[in-house]
Amino acid sequence: MKCAFCGREIPENIEQRACGLCPGGCRNIHCPYCGYKNPLPPKLLKKWLEGGKDKKDKNGKESS
Numbered sequence: 001m002k003c004a005f006c007g008r009e010i011p012e013n014i015e016q017r018a019c020g021l022c023p024g025g026c027r028n029i030h031c032p033y034c035g036y037k038n039p040l041p042p043k044l045l046k047k048w049l050e051g052g053k054d055k056k057d058k059n060g061k062e063s064s
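Read in order, the letters of the sequence shown correspond to residues 1 to 64 in the working numbering.
Everything labelled a hint here was simulated from the structure, so no lab data went into it.
All C-beta atoms in this analysis are idealised placements derived from N, C-alpha and C, irrespective of residue type, glycine included.
Treat the hints with care, since some could be wrong.
Label-pair restraints from in silico Cβ distances [to be verified]:
hint	residue 1	residue 2	range
1	Gly51	Pro23	28 to 36 Å
2	Gln16	Leu49	16 to 24 Å
3	Met1	Pro23	18 to 26 Å
Calculated cross-link-like contacts (lysine to any residue; reagent style SDA-like; alpha-carbon spacing at most 20 Å) [unchecked claim]:
hint	residue 1	residue 2
4	Lys43	Ala4
5	Lys43	Asn28
6	Lys47	Cys6
7	Lys2	Lys43
8	Lys43	Cys6
9	Lys2	Gln16
10	Lys2	Pro23
11	Lys47	Phe5
12	Lys37	Arg27
13	Lys2	Glu12
14	Lys47	Glu9
15	Lys47	Ile10
16	Lys43	Ile29
17	Lys2	Ile14
18	Lys2	Pro41
19	Lys37	Gly25
Assemble the whole structure, with the sequences as input and the hints as a guide.
Below you can see the structure in the form of C-alpha cells.
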C-alpha cells in the first residue's frame, strides 16, 4: 500500500493497533513515515487489485 500523503510504500506486514480515538474502531493504516491516516482498503477490493493471486479450485487446490 502506498501512502496517499507522502507517497512512500507502507509495508504490508506492519503491525498496528487501533488508536482508540476513532468512533467504532480505527479502520485506518497510519503511515510509519509521516503519520498520515490512510483508509484501509476493503478486502474484496484488495483481492481484485491483486488480480486474484490466491486462485483455488473447489477442492482447495491451486489452479493454473
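Here's how the hints hold up against the structure:
{"no.": "1", "hint": "Gly51 <-> Pro23: 28 to 36 Å", "verdict": "holds (35 Å)"}
{"no.": "2", "hint": "Gln16 <-> Leu49: 16 to 24 Å", "verdict": "holds (20 Å)"}
{"no.": "3", "hint": "Met1 <-> Pro23: 18 to 26 Å", "verdict": "holds (23 Å)"}
{"no.": "4", "hint": "Lys43 <-> Ala4", "verdict": "holds (18 Å)"}
{"no.": "5", "hint": "Lys43 <-> Asn28", "verdict": "holds (13 Å)"}
{"no.": "6", "hint": "Lys47 <-> Cys6", "verdict": "violated (24 Å)"}
{"no.": "7", "hint": "Lys2 <-> Lys43", "verdict": "holds (16 Å)"}
{"no.": "8", "hint": "Lys43 <-> Cys6", "verdict": "violated (23 Å)"}
{"no.": "9", "hint": "Lys2 <-> Gln16", "verdict": "holds (16 Å)"}
{"no.": "10", "hint": "Lys2 <-> Pro23", "verdict": "violated (25 Å)"}
{"no.": "11", "hint": "Lys47 <-> Phe5", "verdict": "violated (23 Å)"}
{"no.": "12", "hint": "Lys37 <-> Arg27", "verdict": "holds (9 Å)"}
{"no.": "13", "hint": "Lys2 <-> Glu12", "verdict": "holds (10 Å)"}
{"no.": "14", "hint": "Lys47 <-> Glu9", "verdict": "holds (18 Å)"}
{"no.": "15", "hint": "Lys47 <-> Ile10", "verdict": "holds (17 Å)"}
{"no.": "16", "hint": "Lys43 <-> Ile29", "verdict": "holds (14 Å)"}
{"no.": "17", "hint": "Lys2 <-> Ile14", "verdict": "holds (13 Å)"}
{"no.": "18", "hint": "Lys2 <-> Pro41", "verdict": "holds (11 Å)"}
{"no.": "19", "hint": "Lys37 <-> Gly25", "verdict": "holds (13 Å)"}
Against the hints set out earlier in the document, violations occur for numbers 6, 8, 10 and 11.
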